[in-house]
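A.B. asks: Count along the sequence shown starting at 1, add 233, and that's the number in this note's numbering.
In the EDC-like style, the derived pairs of lysine to aspartate or glutamate whose C-alpha atoms are separated by at most 20 angstroms in a straight line are: (1) LYS264 to GLU321; (2) LYS271 to GLU333; (3) LYS426 to GLU544; (4) LYS588 to GLU395.
In case anyone wonders, no lab produced these hints; they're calculated from the structure.
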Amino acid sequence: MLEDEKIIECEEMGIEFSKKTGKVKSFNPNKFATFTAKKLQIIYNKDSFYVYNDGIWNKISDMYLFQKLRGKLQTYSDNIWSLKNEKEYIGALKRIVFFEEELNSNKRYINLRNGMFDLNTYSLMEHRPEFYSSIRIPVDYNEEAECPNFIRFLNQCFNGDEEAINLAQEWVGYILTAETRAQKALILYGLGKNGKGIFIDIISELIGQENISSIPMNELSRPFSRVCIYGKLANISNENEFNGASLNTQYFKAIVGEDIITAEQKNQPVIQFKPTARMVFSTNNLPHTNDGGYAFMRRLCMLHFKNVVKEEDRDFYLREKLKEELNGIFNWALVGLRRLKENNFRFSECNSSNKLLKQYEMELNPMILFFEQCVEKEHSDHREDNRIIYNTYKSWARANGMEGQAKISVQKFWRKFDAYAKSLGYECESKKSNSFRYHTGVKIVGCFRISLDDSRIFGQLGG
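Input sequences plus hints: build the corresponding full structure.
C.D. replies: Take a look at the structure:
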């Protein structure tokens, strides 16, 4: 027979023993689930269990939970656990400890090793389960910590460009939190040995490898890949090899734009979640995409690593030196985060970043350059024949070596032309008079302008 106190505990667990034989008479999975919920700090969220321990909610597998609980039961009696009981028990436990809200939704705090850092008071608080934080930054807050080597490293990477360093500072501060309202992604661009790799390594150490996913941009369209970004602070990937494929921006824009997305796990239900992972991509070659529109381009922010370090000037122990400064880098990043928040989550202006972004935008959307060189805004009464506009574009594209653009269809051209004119605030409309179409509010200028006679020779109606 079991001791009286053990019998009482077993009854709380839903185990009833025969008074005659001392063997298990019955097992109530629902009572056992209630007992577990009282004894463990456990929640069920997004089809996964989380247990609170040492300041953080840790995700655990169903199998790990089964093994622990089965082991608990087996200390009282063998063969209590069965597949039937397991199914009933786990279903009951899920209902009892179900947590509907998003984890890490309280963005006022950053979970550190030595406490919860309050971004409003810039002070440290004790860990508490009520924060529902499943993400921890692996540093200790020490307000005296500094990072002189890291600052020298950044000055070398950006050739002393203070605007670029400030932008980097704001970005590092941004990804320390679960905040996503800036709705931006970061592209680290530069050729050769320029510091991108070391920068990524140190930032990864700062926010914690366990808080990072590494899904390439084009993989984001795959449901089984998207699940990897759930509960992460950043998705950092190397995008040097696109193999000529055009970038699919659909899910990229959804993730960066704070949309709720779906993802799949093997043998698990589909989950819906609002990503906290900020997109960071490192590349030597900016990716090609057919999406050069405003919705894509406005999501991008770029840091240009210009300075290629010669082999003889490289410090092969730099990574180790910088890792010793993580607590100081955290303090440095807080300065950038504060500046970003004070600017209503708009990143500081950076001329080198804007220049690179403009260059990329023109490569993706030649219509931008065409407008700059050949199109002027006019009053709403001005008419420009569609044939002149369309054939001028084809002539301009051919002269600039863009043979693909020189073969653009009438329908596609006008779709792009009208969309870009609208984005500039042009009040232009396509109208028809007698047998020909024209646009109001725009005028074709410059040496590439095709006359109406030339346009007739081309034989293109221009839509």
